[in-house]
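Guided by the hints, dock chain U onto chain P, whose structure is given.
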Amino acid sequence: MPLAIDSDLIPFALPGTDGATHRTEEFAGAPVFGVIFHCNHCPYAQAWEDRLIAAQRDYAARGVRFVLINANDPAKYPADDFTHMRSRAEEKAYPFPYLFDETEETARAYGATRTPEVFLFDDRGVLRYHGAPDDNYENPAAVQHHYLRDAIDALLEGRMPATAQTKPVGCTIKWR
Amino acid sequence: MRIEFFYWEECPSHDEALARLRAVLREEGLDVPVHVIRVDTDEQAAARQFLGSPTIRINDQDIQPPGENRIGLSCRVYYTEEGRVTPLPTTEMIRRALRAAQPE
Numbered sequence: 002m003p004l005a006i007d008s009d010l011i012p013f014a015l016p017g018t019d020g021a022t023h024r025t026e027e028f029a030g031a032p033v034f035g036v037i038f039h040c041n042h043c044p045y046a047q048a049w050e051d052r053l054i055a056a057q058r059d060y061a062a063r064g065v066r067f068v069l070i071n072a073n074d075p076a077k078y079p080a081d082d083f084t085h086m087r088s089r090a091e092e093k094a095y096p097f098p099y100l101f102d103e104t105e106e107t108a109r110a111y112g113a114t115r116t117p118e119v120f121l122f123d124d125r126g127v128l129r130y131h132g133a134p135d136d137n138y139e140n141p142a143a144v145q146h147h148y149l150r151d152a153i154d155a156l157l158e159g160r161m162p163a164t165a166q167t168k169p170v171g172c173t174i175k176w177r
Numbered sequence: 006m007r008i009e010f011f012y013w014e015e016c017p018s019h020d021e022a023l024a025r026l027r028a029v030l031r032e033e034g035l036d037v038p039v040h041v042i043r044v045d046t047d048e049q050a051a052a053r054q055f056l057g058s059p060t061i062r063i064n065d066q067d068i069q070p071p072g073e074n075r076i077g078l079s080c081r082v083y084y085t086e087e088g089r090v091t092p093l094p095t096t097e098m099i100r101r102a103l104r105a106a107q108p109e
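Protein chains in written order, with my numbering: chain P, 2 to 177; chain U, 6 to 109.
Hints may contain errors.
Derived CB-CB ranges, DEER-like [as the list claims (entries may be wrong)]: (1) Gln66/U / Ile6/P: 45 to 51 Å; (2) Ala61/P / Arg31/U: 33 to 39 Å; (3) Glu27/P / Glu21/U: 24 to 30 Å; (4) Ser88/P / Ile76/U: 17 to 23 Å; (5) Gln166/P / Ala51/U: 34 to 40 Å; (6) Ala14/P / Arg31/U: 25 to 31 Å; (7) Arg31/U / Lys168/P: 24 to 30 Å.
Keep in mind the hints are simulated off the structure, nothing from the lab. Where is the CB? At the ideal position from N, CA and C, for every residue including glycine.
For reference, chain P alone in the conformation it holds in the complex (with noise of 0.2 Å):
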């Protein structure tokens, strides 16, 4: 089971492909605070990818923070292993931590079941919404909900996300 709507942040301490170990202390300040389960081999959380980077590039300036988490095991799928990791991350200029949760016990402890699948916490660290970034994996310009931007500007101004929990789309987290 997904870490349910108004559960507290759990704390992890990953390691990211920019060399630091990346610890939730660190986004304590952040008003939102999203964790974004992700990978580098499966088209759904490439066909998202683009909409995480403009989103946390549209909300840096007002203290969002995402990091997004790898936790497939590298033996079944090598573009996914550390170096991989690495590599996107520098093709893609990403502007949030991308870590590796080698054990896989961040995922677990999160109930996290797909890449993409987000989880986006207040500035309590209460988990506010749960799922996915948006209705349409296929085209960005088609999109009707934006559920991940809107409970973003809901968190902003102080209010409930209306839509707290979607459905996670993508592929399945690949466990050891």
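Structure of chain U alone, referenced to chain P:
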């Protein structure tokens, strides 16, 4: 014309891809059966040369070159005409492949 539709259950949206394929067949006036083949294991993927879900072959020809896709159980990466990544083949991609497979 022989049309095969391969899918892996863990990858979502294969139902949508199959519906799209059947819709294009109707639009093109082609009354051709679609052989739907479920792939569940690495061994089956290797035997079928399965490049990810969904994969559509018309007369043994894949509707898009393999690109970065590898043989195995995964979701397949397609590229739209505009260069976007998408998990599903587009209507136009399917239509073009069907027309190319028909005799002059």
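Results of checking the hints against the structure:
In this structure, Gln66/U and Ile6/P meet the distance hint of 45 to 51 Å, their C-beta atoms being roughly 47 Å apart. Checked against the hint of 33 to 39 Å, the C-beta distance between Ala61/P and Arg31/U comes to roughly 47 Å, which is inconsistent with it. Taken as a hint, the range 24 to 30 Å is violated for the pair Glu27/P and Glu21/U, whose Cβ atoms sit roughly 40 Å apart. In this structure the hint that Ser88/P and Ile76/U lie 17 to 23 Å apart at CB holds, the actual value being about 22 Å.
Distance hint for Gln166/P and Ala51/U: a CB-CB separation of about 38 Å, consistent with the stated range 34 to 40 Å. As the Cβ distance of Ala14/P to Arg31/U is approximately 54 Å, the hint placing it in 25 to 31 Å is violated. Between Arg31/U and Lys168/P the Cβ separation comes to about 29 Å, which falls inside the hinted range of 24 to 30 Å.
Taken one by one, the earlier hints fail for this structure at numbers 2, 3 and 6, listed in ascending order.
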